[in-house]
Amino acid sequence: MNTRQQSKLKKPTSVKMNKANNSYIHLQADDFEDKTVTQEEILSDVRNKLASEQSKNNELSEIIVKLKEKTGKLSNELLNKEKNH
Numbered sequence: 001m002n003t004r005q006q007s008k009l010k011k012p013t014s015v016k017m018n019k020a021n022n023s024y025i026h027l028q029a030d031d032f033e034d035k036t037v038t039q040e041e042i043l044s045d046v047r048n049k050l051a052s053e054q055s056k057n058n059e060l061s062e063i064i065v066k067l068k069e070k071t072g073k074l075s076n077e078l079l080n081k082e083k084n085h
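Using this note's numbering, read the sequence shown as starting at 1 and increasing by one per residue.
All clues given are correct.
Computed beta-carbon distance windows for the label pairs:
| id | residue 1 | residue 2 | range |
| --- | --- | --- | --- |
| 1 | E69 | R47 | 27 to 35 Å |
| 2 | N48 | N84 | 48 to 56 Å |
| 3 | S44 | E82 | 55 to 63 Å |
Just so you know, these hints were derived from the structure itself, not from any lab. From the three backbone atoms N, C-alpha and C, an ideal C-beta is built for every residue, glycine too.
Please model the complete structure; the sequences and the hints are all you need to start from.
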């Protein structure tokens, strides 16, 4: 087997700079954990994030309603005070 054929059989490598001592680290494919993600996992994550955002939006909507009620009461009180003076 010539070297060209042998190089095809080697596992793919990546070179990473080691900033601590300005050297290079050769990483083999085995150094990385399998990051395969299924479509179901992605959809589940997206659904969870959407539910979380919807919950936050609902809380904010409730706060806005309460603030509007309070500002409405305050403005009515101010109007009444002005009328009484």
